[in-house]
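Knowing the structure of chain E, use the given hints to seat chain W on it.
Residue numbers (numbering that gives the first Met the number 0), protein chains in the order written: chain E, 0 to 201; chain W, 0 to 319.
Bear in mind the hints are in silico, worked out from the structure with no lab data behind them. Keep in mind that a hint or two might mislead.
What the hints assert, rightly or not - Calculated cross-link-like contacts (lysine to aspartate or glutamate; reagent style EDC-like; alpha-carbon spacing at most 20 Å): (1) E:Lys186 <-> W:Asp10; (2) E:Lys186 <-> W:Glu47; (3) W:Lys43 <-> E:Glu15; (4) E:Lys188 <-> W:Glu47; (5) E:Lys188 <-> W:Asp10; (6) E:Lys188 <-> W:Glu37; (7) E:Lys188 <-> E:Asp147; (8) W:Lys199 <-> W:Glu229.
Unchecked claim - Some chain W residues judged to face chain E by a derived CB distance under 10 Å, without partners named: (9) Asp10; (10) Leu12; (11) Ala16; (12) Met19; (13) Glu24; (14) Ser44; (15) Leu45; (16) Glu47; (17) Val48; (18) Leu51; (19) Ala55; (20) Gln57; (21) Glu60; (22) Arg64; (23) Phe70; (24) Ser76.
Keep in mind it's a predicted model, so treat the numbers as computed, not measured. For every residue, glycine included, the Cβ atom is placed at its ideal position computed from N, Cα and C.
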Amino acid sequence: MFSSQQRGDTSQQSDETLMAMVATGDRLALEQLYDRYARTVYGLALRMLANAEHAEDVVQETFWRVWRRGATFQAGQGQFAGWLFGIAHNLCIDDLRRRRVRPTVVYEGQDPTLLHELPDGQQDVDTLTWQNEQRRLIVEALRDLPHDQRQVIELAYFSGLSQREIAEHLQDPLGTVKTRARLALQKLKHLLQAQGIGLEDR
Amino acid sequence: MNANDHPFNHDLLAAYALGMLDVEEFRQVDELIARSPEARAELKSLREVVALLPHAAQPVEPPERVRQGLFARIEASQPNTTPVHTPRPAATAAAIPAASLPWYSSRRFASAALGLLAALVLALGGLTVSLQNSVASLSQTNQELTASLAQARQSLADTQAAQQAFASQLQTSQTTIADLTSRIEQSQRDVAALNEELNKDRRVFAFVTGPGVATRELAALNTSSPARGEMYMYPGNTEAVVLFRGLMPLQSGQVYQFWLANNDGKIPAGDPVTVGPDGLARLVLQAPREVNAYSQVMLTIENAGSAPQPTPQIVLEGSL
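Next comes chain E alone, as it looks inside the complex (with noise of 0.2 Å):
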């Protein structure tokens, strides 16, 4: 594999440079990129598929396309992390429907656990990276939403459910469902931005 010396020299590029190398069959700048976001896609893929091995199977998947479709990616077309996330998501839910089963629904009641988990105390919150920092920063204003937009927002995004059967599911109108995801966007955005996390952020 790649020595820490290595790795040292690619830790301070951008996320689009890594991929230009990665483009060109550099297995360093891959690696690069897994370091940065594996955790992520690792956790996403847990919370939407609850296990374990089908959850490593869609991160070795995930950066296995970013490896093989790394020419695909084009930079200002969007964000990398966006493009990455997308992979691994499509790749979750992928997974659920292939298996006819639905993830239990865990944003229910008033108690969403997991959206609202934050870094594990034990971690020195000195050393958090940026990326830890985003998530709290993210997990408040998923908090802040009004229950049933973050109630849907949850259910499309974590548990891979299309509007009808969200609709269904809460026994709500289809027409409300949607709008509920529309003004749930819209109030995330505007809540990111008042804190300070910009869109064009990793």
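Same frame as chain E, but now just chain W:
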């Protein structure tokens, strides 16, 4: 963005960004964003928000085997490398029914990889056989080309030898042609000389047989000599022809000379007489005046190259 300014359904865009739509609605939004820059801009903004949602999940460090499996898979995908398989712990893999695993999960992926590997082995086997056939075919072709090359070289050597022989023959032929040409030219000269002699003979014949020709005999002073001569002339004409026979061959440095004489003296007439091996000779002379003005003629033996003077060695003599 003001919703009243746009005809499209903003709720639909948000649902699209979250992946909530059915297939038909998904297609409708695809068409919308394809033709509407405003819709694309709004969708981009919504997606930026959605892209942050994964951060809401608790990040967890995946097991090291995930990284190892990923890069082993990458390594195995590279040309000229041996595929590396990183199996899961047996207990964990066995605990999950194969039917419940996603297509890319380890066990199914391993099966697919094995199938792919088997297909690859078969393909490589076929490729190897094909390459072996190609090598055999190329070897055969190479041997044929080598044989053809040897034949071509032999043919070239033969051609060069033949060319040398032809060159030698050509040289010989050119020499022969030059010799023949020389001979032809000599023959032509001989023919021309013979023709000239023949014409002289014809003129002599015409002269000696012409009407009004006068003949005078030349007799040898030595009665035992076989030499004789006849002189043909026309009265009042300066030209005359003298025919000789029975002339003996002369020693080297001597020639026969013909003379005209009258009361004024003797003058040589014509060039020295050339005698053939048969003892015959012919002289055509042009006298300074009409021949009948001279009273006597004679043929003497003179030294070649000296001033012609009548010597006591008179061979023939006659009166005109």
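Outcome of the hint check:
1. E:Lys186 <-> W:Asp10: Distance of about 14 Å is within 20 Å: holds.
2. E:Lys186 <-> W:Glu47: holds, 13 Å
3. W:Lys43 <-> E:Glu15: Status holds; Cα separation ~18 Å.
4. E:Lys188 <-> W:Glu47: holds, 9 Å
5. E:Lys188 <-> W:Asp10: Given that 20 Å is the threshold and the Cα spacing comes to 15 Å, the pair holds.
6. E:Lys188 <-> W:Glu37: Distance of about 18 Å is within 20 Å: holds.
7. E:Lys188 <-> E:Asp147: holds, 17 Å
8. W:Lys199 <-> W:Glu229: Holds, because 17 Å separates the two Cα atoms, which is no more than 20 Å.
9. Asp10: holds, 4 Å
10. Leu12: Holds - the Cβ of leucine 12 (chain W) comes within 10 Å of chain E, reaching about 7 Å at its closest.
11. Ala16: Nearest chain E Cβ about 7 Å off; hint holds.
12. Met19: For methionine 19 (chain W), the interface hint holds, since the closest Cβ of chain E sits about 4 Å away, which is under 10 Å.
13. Glu24: holds, 8 Å
14. Ser44: Since the shortest Cβ distance to chain E is 7 Å, the answer is holds.
15. Leu45: holds, 5 Å
16. Glu47: Because about 4 Å separates glutamate 47 (chain W) from the closest Cβ in chain E, which is inside the 10 Å limit, the hint holds.
17. Val48: Given a least distance of 5 Å, the restraint on valine 48 (chain W) holds.
18. Leu51: Cβ of leucine 51 (chain W) sits 5 Å from chain E, so the hint holds.
19. Ala55: Alanine 55 (chain W) check passes; min Cβ-Cβ to chain E is 5 Å, inside 10 Å.
20. Gln57: Hint on glutamine 57 (chain W): holds, closest Cβ of chain E at ~5 Å, below 10 Å.
21. Glu60: holds, 5 Å
22. Arg64: holds, 8 Å
23. Phe70: Holds: closest Cβ of chain E sits about 6 Å from phenylalanine 70 (chain W), inside 10 Å.
24. Ser76: holds, 8 Å
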